[in-house]
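Colleague: Please take these sequences and the hints and turn them into a complete structure.
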Amino acid sequence: VFDLSQHFLSVPPCLRSNDGTEVNRHTETTPSRNEVELNGQPPTARPPQVLTDSEEDEDEELTLKYGAKHVIMLFVPVTLCMVVVVATIKSVSFYTQKDGQQLIYTPFREDTETVGQRALNSMLNAFIMIGVILVMTLVLVVLYKYRCYKVIQAWLFFSNLLLLFFFSLIYLGEVFKTYNVAMDYFTLAVIIWNFGVVGMICIHWKGPLRLQQAYLIMISALMALVFIKYLPEWTAWLILAAISVYDLLAVLCPKGPLRILVETAQERNETIFPALIYSSTVVWLFNMADSAETGNNSSHPVPQQENQVAMAPTAQPEDDGGFTPAWVNQQQHQLGPMQSSEDSRREIQELPSARPPPVEDDEERGVKLGLGDFIFYSMLVGKASATASGDWNTTIACFVAILIGLCLTLLLLAIFKKALPALPISITFGLVFYFATDNLVRPFMDQLAVHQFYI
Amino acid sequence: MTLAVFFGCAFIAFGPAFALFVFTVAKDPLRVIILIAGAFFWLLSLLLSSLVWFIAIKASNSQDLTLQRGLLIFGVFFSVLLQEVFRFAYYRLLRKATEGLAAISDDDGSAISVRQMAYGKLCLCSAENSLVLLGFMLHSGSLDGRFDQMSLCVSCAVAGLGFGIMSGAFSMINILSDSLGPGTVGIFGDSQYYFIITALMTLALTLLHTFWGVLFFEGCEKSRWWVIAAVVSLHLLVAGLSLLNPLYEGSLPPVYGITLLMGVWAFFSSGGSLHSLNALCTRRKAEGESS
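Respectively, the protein sequence lines represent chains A and B. Sequence positions in the first sequence follow the UniProt record's numbering and run 1 to 455. Sequence positions in the second sequence follow the UniProt record's numbering and run 1 to 291.
Hints listed in this document are in silico derivations from the structure and should not be mistaken for laboratory results. Keep in mind that this is a model prediction, so the values were computed, not measured. It is possible that part of the hints are untrue.
[Stated by the list, open to error] Calculated lysine-lysine pairs in the BS3-like style (CA-CA distance at most 25 Å, straight line):
| id | chain 1 | residue 1 | chain 2 | residue 2 |
| --- | --- | --- | --- | --- |
| 1 | A | K69 | B | K96 |
| 2 | A | K229 | A | K90 |
| 3 | A | K177 | A | K229 |
| 4 | B | K27 | A | K69 |
| 5 | A | K98 | A | K177 |
| 6 | A | K177 | A | K90 |
[Claimed, not checked] Label-pair restraints from in silico Cβ distances:
| id | chain 1 | residue 1 | chain 2 | residue 2 | range |
| --- | --- | --- | --- | --- | --- |
| 7 | A | Q117 | B | G189 | 42 to 50 Å |
| 8 | A | E233 | B | A10 | 29 to 37 Å |
| 9 | B | N61 | A | T178 | 42 to 50 Å |
| 10 | B | L51 | A | F186 | 51 to 59 Å |
| 11 | A | E233 | B | Q63 | 29 to 37 Å |
| 12 | A | Y185 | B | P246 | 51 to 59 Å |
| 13 | B | G189 | A | S91 | 30 to 38 Å |
| 14 | B | P16 | A | A182 | 37 to 45 Å |
| 15 | B | D190 | A | P107 | 49 to 57 Å |
| 16 | A | A87 | B | P16 | 24 to 32 Å |
| 17 | A | A182 | B | L65 | 49 to 57 Å |
All C-beta atoms in this analysis are idealised placements derived from N, C-alpha and C, irrespective of residue type, glycine included.
Modeller: And the structure:
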């Protein structure tokens, strides 16, 4: 039994739009507060906020260029992560076996005599888990406020180490067992060593973009698999529901920890939690052209350590390699809505990405998404494939529901342009479709298949 | 036998749909989103219709087999009707999003000035706004930014494909996963062609949904209500023909005949002609000769 305490630093996801985005790129002004308020208000009797804020058409078109392409840039990695999780669940039986072990954060057992007792236990488990998440978020906010960046970094580093080496060792072992592959320890050691070290380098430092993305997807999938294995049935569903609600509250309430985090980072003109983010573009190429404009501080980017599984800092390495914090801040100012979801840094940002032709107003933006979103989406779909008796229909339904939720979330972000939680819509759709498909659609489709009727 | 059946049926059922996806949808992010949204709408219709069926089942006597079968048939037809309703709803959504953008776009179509959006060409209801913004957001990442009839027609075809793929997936994938395991088809006296017939029906339905998407659009755009009525009744007819299973001779050839008919009709109604087909062939030949 391993201690997972390092991994449960969860801050629920939140989607955030960068309030400083309306600033004209040629004037280095900090986002003014009234602009922030303006952006923060939902559109009332006028056309959407996105339209009326900035002065120049160029900026307007910049903010609106974020569109279908970015939705697809998120669809693909989310789909890949889900595919990995579902493929593992379907083939490796280890992750669906209940060994009786549970995480220390869910101490109550669900194998009780009465249904009422079971419900009570699972609610208590979910409560404790959300409490742990809340505490971790607050610790993170405090650490961030008092600039204890080193502590956060070390925390993150160690968690990633555990994940990349230990969890992947277990995963590989189980895969070998499933396919009855004989493997000696020496070869295994070499494989795991290389996998882990390359992963740490790619994630914490520099590496090819695709490799980094692949590692992030793999560690999200690993974490989702751990949750699927070690969380008991009802607890898992309740946690999914509860974390969506928590996310909603933490991001939208004025005193919510995530909101405080976001605002603190904005005040300091720092990137918010550059770690633990999946990035779809390489940003450093563009940096070279623009870094002359910024020239400011050398504040260290705070690796964001939120979530459950302390994922390694991703897109922004701490040292240079092109991504100076100053540059990243500047990019944030230029960008359109930035979404950050808590929960291990779920941020969806837009960063201009490099393109060979010189970029004027036609930059191609990248999108970022925090790893916690990946984890919870994959966890939902994985559980659907593991436990649903409707089998593949339920899995497909949850998959489509989550993708549509993601699309709607991005649309809402484009409309409201302020901090929005990333999980609620997708998880709600996913849960509704899971229970509905499993209980209603499955018997219907089974009957149709038996008689070979087609609708 | 199992792996061969699995791959064979999978390719039969999903091959054309996959080809359509790769060649026409995958290149344009907007179309991918429309596809997934189409799948979502189909799923919603299925959910509601199975809810109704489930309530009917629970309220009835579960021992009475003919009643159960009758309720299932009722469920089939109700589901078909609901699918068409949702197809109409999705068409309205697509049209609204496209229209709103077309109304405010410049003549060259591609550069949408936000200011134009802001100043007065929109209705002030926020639902309309979000639809327009949805349309804009979707279009701004797409390859062709023209908001015209053509793009709406293509969107409806893609939406139909989304319906078809989802319908096919729900019919086929459980059966495919069963075909991977050991077993003998029809060991209790049922037909041994179960898998292959399922695959062929799934293929037919996927293509039919795509064609119906195009025709539905035609009917709604040109207010030819008889076209819509024809689409709905043909869908009911196809579902009804499938009720003849396992008398496969009665169900499969007519369904394929209808598919062919729909394909031809959709081709001509979306602007194709013998001339364009001819031009396509001769251009291919010319390209082949010149290269």
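Colleague: Sort out which numbered hints this structure fails and list those numbers smallest first.
Modeller: none
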